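*Asks:* Protein chains in written order, with our numbering: chain A, 1 to 267; chain B, 1 to 267; chain C, 1 to 267; chain D, 1 to 267.
In short, the hints are calculated from the structure, not lab data. Since this is a predicted model, take the numbers as computed values, not measurements. Heads up, the beta-carbon is just placed ideally off N, CA and C, and yes, glycines get one too. Incorrect hints may have been included.
Residues from chain C shown here face chain D by an in silico Cβ test under 8 Å; the list is partial [claimed, not checked]:
id: 1; residue: H6
id: 2; residue: L7
id: 3; residue: P18
id: 4; residue: E46
id: 5; residue: D47
id: 6; residue: N53
id: 7; residue: L57
id: 8; residue: G59
id: 9; residue: V72
id: 10; residue: A84
id: 11; residue: G141
id: 12; residue: V142
id: 13; residue: P248
id: 14; residue: A254
id: 15; residue: T255
Computed spacing ranges between beta-carbons, pair by pair [claimed, not checked]:
id: 16; chain 1: C; residue 1: T102; chain 2: A; residue 2: G205; range: 51 to 59 Å
id: 17; chain 1: A; residue 1: G205; chain 2: B; residue 2: E81; range: 24 to 32 Å
id: 18; chain 1: A; residue 1: P27; chain 2: D; residue 2: G171; range: 47 to 55 Å
Number of protein chains: 4
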Amino acid sequence: MSLWRHLDGSRIVDLAQPMRTGMPQSPNHPRFRMVIERRHGDMVREDGGSAANEVILTGGHVGTHVDALGHVSQDGYVHGEVEAAGIQSHQGLSRLGIETFTPYVGRGVLLDVTAVHGVDVLPPGYEVTPEDLEAAAHRAGVRPRAGDAVLIGTGWSREWDRPARFTGEEGGVPGPGPDAARWLVEQGVAVAGGETIAFEHIAAGRGHSTLPVHRILLVEAGVHIVETMRLTELLGLGTPEFLLVLNPLPIVGATGAPVRPLAVLTA
Amino acid sequence: MSLWRHLDGSRIVDLAQPMRTGMPQSPNHPRFRMVIERRHGDMVREDGGSAANEVILTGGHVGTHVDALGHVSQDGYVHGEVEAAGIQSHQGLSRLGIETFTPYVGRGVLLDVTAVHGVDVLPPGYEVTPEDLEAAAHRAGVRPRAGDAVLIGTGWSREWDRPARFTGEEGGVPGPGPDAARWLVEQGVAVAGGETIAFEHIAAGRGHSTLPVHRILLVEAGVHIVETMRLTELLGLGTPEFLLVLNPLPIVGATGAPVRPLAVLTA
Amino acid sequence: MSLWRHLDGSRIVDLAQPMRTGMPQSPNHPRFRMVIERRHGDMVREDGGSAANEVILTGGHVGTHVDALGHVSQDGYVHGEVEAAGIQSHQGLSRLGIETFTPYVGRGVLLDVTAVHGVDVLPPGYEVTPEDLEAAAHRAGVRPRAGDAVLIGTGWSREWDRPARFTGEEGGVPGPGPDAARWLVEQGVAVAGGETIAFEHIAAGRGHSTLPVHRILLVEAGVHIVETMRLTELLGLGTPEFLLVLNPLPIVGATGAPVRPLAVLTA
Amino acid sequence: MSLWRHLDGSRIVDLAQPMRTGMPQSPNHPRFRMVIERRHGDMVREDGGSAANEVILTGGHVGTHVDALGHVSQDGYVHGEVEAAGIQSHQGLSRLGIETFTPYVGRGVLLDVTAVHGVDVLPPGYEVTPEDLEAAAHRAGVRPRAGDAVLIGTGWSREWDRPARFTGEEGGVPGPGPDAARWLVEQGVAVAGGETIAFEHIAAGRGHSTLPVHRILLVEAGVHIVETMRLTELLGLGTPEFLLVLNPLPIVGATGAPVRPLAVLTA
């Protein structure tokens, strides 16, 4: 039977933040800029037609995006005990680049930690723990399974319009600590995602001095990470299971790429 | 019942061309360039971790992408008889930008014109006609319905590795003429897509002097266009119906945006 | 007699700020970014040679630069009562772009307002007045003449390494007010330059809500402006007259362009 | 006596090619693109003022530019037997970057090889020899001296408006061979410059498979190279000696940078 027939009454939830010049992002990465080049009327074809276009400057870790496994190395090695020095050149990564991530179309599970704590947004410096994730799963009656994509709800998407707060300059950002990362690995998840720029707990005034969750997920366990997702609508709907589509741009050799993830919720 | 359970045995077909520096594209648009900035080892954190990143330069009409309705105007007006001059600024389009395209998750129909003609690739200057589309639909036993996304197979994806040929410098490109565009409009399609840089028939040596199919689809009928798709694998499978996911990056105000379309084929 | 023979014993003073990723600049303009693309060893030619290169992202008003006359308009008109709407397109300015500025090689005069006040740097919100300029000229025993390039020393270059201060976020920046601009016009100067990002007096917390000095110099009088100069060394030397070379990049149609100005001081 | 007084009656000759989107350049480097972002009227300040600006994408070896000594390596070493691997990172070159080139203000000597051969432009694949340079010097009655900047006239600037020819795709480009490079080194020149994209003789159909002149000048001798100069006007004037100003943008760590060189010819 045809798959799209099952879509009747389903709801498509957009999990990407809108991309525009000036949006919050990490200062370590190139600034997003969308610049209109030609406007209607600049060049008019012989039949009265005219087209507008733009230039887009961005980075692989700007806006909603997926981290390739090769994005992070530890002591000189990327995932699979591959020496980082041997796989990088001006053409990018010859192994573990984002184009090696097979587009994910499968079960998505939302673990809503804000609901566990009865808040809309977790406090800036809050470290999400395994107990939080267990409580969120129990509360929603779901269980992550091997191969799933698990999204952690911190409510941080709601701070998007407050750049200094969103980026963590003011007081850090909430996110999983190393223990929560290990818990995700134990469940066998294939993908882990969240709302903050880095899928990490960043204490106030600490910055990204170390990225233990990236090390555990990308380097040690080979789990892909989705960052800067907009989960506001999904959190509001309270549906813990859905079909997740995660198809980052296939930029060959890149360490990450923008994506517009979709959740498909059945009626 | 959960939607992802219907995915058992399904096949995900990637419909995007890989993005890399030097890939074929229109000379009217900014050249794609992916430049690795930091490599592993350039900056090492206190715990031995290191991250690589990149800068990405591109345009809204580079690689596989969706055209926003506001991309093209005719005699000063975009779709819906909106004056183009009034909706454009340094922030892009205030109406009909790509962020107004709701991600498409629905029925996709492939009309394979190469099969009709018994070839792998249509000749460079070939104009696809309504008769071709009717024949392709009849041959496959499918019928486009209102609201569908219809992809026209010309086989042109196979020329991707021959840039001068792919871009049409040598002899033009195959694609729908105005009559085929009107046929698509008559079927009530929501989205039309193809493998070439412009979803047009470009005669040898003619260039993009006029873009009648863009006018008919974008300006007159409000039908979105997907361009530079890679249909090789899908054409090989011979499945004329599938679930199509089309979720271009939500770049606010842009006249188009890159996308990685997926076809989900059930067993 | 050959000009370069007069250079014996002369001193070349570099008046440009070094350009690097993260340098202070206006948030209204694209961020400067220099990204190394190929490194030595990435591509090695058959004879053992290898070359490194880079990508440079910048704007016409980033780093030390010259403003074209067409950069600013007032009530829809640029200098010479030319309607702004008629001279702009995707190709830039068809009139009054930076390529129409003839490279300046001539007398430069430094009016050191810090010396007048006995300070190293003027206070952030200080407005330079005609009296300051008269006092600086009198103190140094020089007089601007028609056609000269006049540089105003505020000492602000010394704040370069403190970005939040340099850009004026903290307390504004010192610079000429409208009266000082009119004084410059009365002297008949061809070029006026300074150390701040905008050649304006910006009061604390005020931002660039209006740019009266730009209006007076660029629009009304047709005087070019040089911004973000590094005058520290020149101020230290105390030489009020010198040969100034001002040769911005000839970017056709641009509203401004980077420059590396030089002062040649004779023995 | 003041230097600028000697400028009376002097002539300033611009030695830079105009920079615009689509200009000829090496395909190995990022494409130049100047994109107007804000136009007059897009943002109007409270007093009726408005400013236009642009985004500039370029490379260090695009348009008229100076090669830093660290641009090229041979067998892993740059000039001075410095290991290339040890001086490169995401911040560019820590040694021998373009910012280490002291702006040149001194004697320039033009060796016009077109005059020697009685042509306007040397043939595409022509290799300039030491004999050509001796003949050009003799003909003009000049002699390069240690520390000079020597420009070789091939007339190639005249091909600027024919991109496929200028870049050498059609038949190569004229330029010095290894023997001419060694001759320049023997004269003790500090800077050598020419009109082509690479200061090399490129035989028809050969491409830049090796760059021996770059190796000899940059790596072995420490002589800076200026490329893509526009010498048409200077060649027409027939003045073999002049004051040359060569002040590339001080882009810290870059392997090269754009420049607008000027020749000052005395009456």
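*Asks:* Give a verdict on every hint.
*Replies:* We went through each hint and held it up to the structure:
1. H6: Check passed: Cβ of H6(C) comes within 6 Å of chain D, closer than 8 Å.
2. L7: 7 Å, holds
3. P18: Constraint on P18(C) satisfied, holds at 5 Å.
4. E46: 6 Å, holds
5. D47: With a closest approach of 5 Å, the D47(C) hint holds.
6. N53: This interface hint holds because 6 Å falls under the 8 Å limit.
7. L57: Holds, about 6 Å.
8. G59: 6 Å, holds
9. V72: Cβ of V72(C) sits 5 Å from chain D, so the hint holds.
10. A84: 4 Å, holds
11. G141: 13 Å, violated
12. V142: Hint violated; V142(C) Cβ to chain D Cβ min 11 Å, cut 8 Å.
13. P248: 7 Å, holds
14. A254: 5 Å, holds
15. T255: At 5 Å from the nearest chain D Cβ, T255(C) passes the 8 Å test, so the hint holds.
16. T102(C) to G205(A): 51 to 59 Å: Given about 52 Å between the Cβ atoms, the range holds.
17. G205(A) to E81(B): 24 to 32 Å: Cβ of G205(A) to Cβ of E81(B): about 55 Å, so the range 24 to 32 Å is violated.
18. P27(A) to G171(D): 47 to 55 Å: With a Cβ separation near 48 Å, P27(A) and G171(D) satisfy 47 to 55 Å, so the hint holds.
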